[in-house]
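2 protein chains.
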Amino acid sequence: MGKKVGLLDLDLCGPSIALMTGLNETTIYRNEKGWIPLTTLTTPPFSPLAVMSIAFLLKNSSSAVIWRGPKKNAMIKQFLEDVDWGDLDYLLIDTPPGTSDEHISVAEALKHRADDVSAILVTTPQIIAVNDVRREITFCHKAGIPIVGIIENMSGYVCPHCSDCTNIFSSGGGQSLAELANVTFLGNIPIDPDLCESAEKGINYLNQFENSEASKRLSDIAGKLITQTT
Amino acid sequence: MGKKVGLLDLDLCGPSIALMTGLNETTIYRNEKGWIPLTTLTTPPFSPLAVMSIAFLLKNSSSAVIWRGPKKNAMIKQFLEDVDWGDLDYLLIDTPPGTSDEHISVAEALKHRADDVSAILVTTPQIIAVNDVRREITFCHKAGIPIVGIIENMSGYVCPHCSDCTNIFSSGGGQSLAELANVTFLGNIPIDPDLCESAEKGINYLNQFENSEASKRLSDIAGKLITQTT
Chain Y
1 MGKKVGLLDL
11 DLCGPSIALM
21 TGLNETTIYR
31 NEKGWIPLTT
41 LTTPPFSPLA
51 VMSIAFLLKN
61 SSSAVIWRGP
71 KKNAMIKQFL
81 EDVDWGDLDY
91 LLIDTPPGTS
101 DEHISVAEAL
111 KHRADDVSAI
121 LVTTPQIIAV
131 NDVRREITFC
141 HKAGIPIVGI
151 IENMSGYVCP
161 HCSDCTNIFS
171 SGGGQSLAEL
181 ANVTFLGNIP
191 IDPDLCESAE
201 KGINYLNQFE
211 NSEASKRLSD
221 IAGKLITQTT
Chain L
1 MGKKVGLLDL
11 DLCGPSIALM
21 TGLNETTIYR
31 NEKGWIPLTT
41 LTTPPFSPLA
51 VMSIAFLLKN
61 SSSAVIWRGP
71 KKNAMIKQFL
81 EDVDWGDLDY
91 LLIDTPPGTS
101 DEHISVAEAL
111 KHRADDVSAI
121 LVTTPQIIAV
131 NDVRREITFC
141 HKAGIPIVGI
151 IENMSGYVCP
161 HCSDCTNIFS
171 SGGGQSLAEL
181 ANVTFLGNIP
191 IDPDLCESAE
201 KGINYLNQFE
211 NSEASKRLSD
221 IAGKLITQTT
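Protein chains in written order, with my numbering: chain Y, 1 to 230; chain L, 1 to 230.
Everything labelled a hint here was simulated from the structure, so no lab data went into it. Misleading hints may appear alongside valid ones.
Since the list can't tell identical chains apart, any single copy or any two copies may satisfy a pair.
Straight-line C-alpha distance at most 30 Å; calculated DSSO-like pairs for lysine-lysine [said to hold, decoys possible]: (1) Lys201 / Lys59; (2) Lys33 / Lys142; (3) Lys33 / Lys77; (4) Lys216 / Lys4.
Chain Y with its partners taken away, still in its complex shape:
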């Protein structure tokens, strides 16, 4: 959609963005302004994504970042201040689940740009996941971060053998929560084995499976996000 987007992986103990973007075996460099984010190999009409993750600084995928909060906070600050993102329309910050150090640190570090910051909440349909997002809503309210909306992932599964759709993990939890919390419901994305496989292989799913139901839903959600934030 022609936007310049950066993606910052803040799951320091379980970074998976590198694998998902096909950048897991790439070396990272620094210039005088800081780290230079890596760029995905994307074919038009999609623009490349600038990516930064702690995975780029680790030796291999078995390396564990066994860090308490203060060390994670220092790294988060460095990621926010010491990466040469260049000129971006959007910086997506992917946080791990929870309402702890990572979330508090990001909220504090971006306080001076509060007008530019908002949250996108992602849930799966199960009540257990919805309850986690309910707590994230409470967090956003307390931290004064406006919520763009809620996305429901893993929402139903179409069997490739009989084309019948089953709601493996129940359904509608994200939408009900959005209504209850008076937050926009941005849409739902069905389970698609091709999407999982693309994520594991670092393949651009929207390029490869552009006519799939999940691609349509993802594009629709991206469109809504742009409309809501401009």
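Starting from the known structure of chain Y, arrange chain L on it as the hints suggest.
Structure of chain L alone, referenced to chain Y:
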């Protein structure tokens, strides 16, 4: 299987054990030895489970525990020292994903009982989840915690309409990792919508669906765990 088991939920920011055990609307009490864990309503042949979770101390399911590491650590210590578990055969400690405060604090707090402590690692089949567990293995090695084995959850899905099994999230990742890391593979559990629904409603799945494939696998894994740890 006649064992006295306690379950301690250490996911302080996303506690879900209370809902899963049907104890989410119960009040907790203290005696002079500390908190008295709640007990599940279980019908024979299964024994009741003693459960402790921060969810019992929160007002409602929207309440967010917005805590940095040190506060979480203090709570974890209290959960380990200040709960009157009575006489238990096993205390299962359920941690959130990652290798951070919760994991470091538990490892440190139980150092004096190192001979009694071991880890069970749970993954789903995706490479992304397997990589997370790979990092947990590194953590266990560094912390000197022996690993009982790896369980693969969400391993394949049997469509209720055509009975064809599809590997929604690829498959075999847990088993391959176990072989690679020279750790016992304890077994895999298929996706079963009844299991998800039971967890959301706090119903004992083994009681209600004792002849299902997932029940058989769960019982099999429990048997192996008892054999391996006695």
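At most 30 Å between CA atoms: does that hold for Lys201 and Lys59 within a copy, between copies, both, or neither?
For Lys201 and Lys59, only the intra-copy Cα distance (19 Å) is at most 30 Å; the inter-copy one is 43 Å.
Checking an output row: Lys216 and Lys4, CA cutoff 30 Å. Within, between, both or neither?
Within. Shortest intra-copy distance 21 Å satisfies the 30 Å Cα cut-off; inter-copy 51 Å does not.
Using 30 Å as the alpha-carbon threshold, which applies to Lys33 and Lys77: within, between, both, or neither?
within (15 Å within a copy, 42 Å between copies)
Is it within, between, both, or neither for Lys33 and Lys142, if the alpha carbons may be no more than 30 Å apart?
For Lys33 and Lys142, neither the intra-copy (33 Å) nor the inter-copy (35 Å) Cα distance is at most 30 Å.
Hint compliance for this structure: hint 2 alone is broken.
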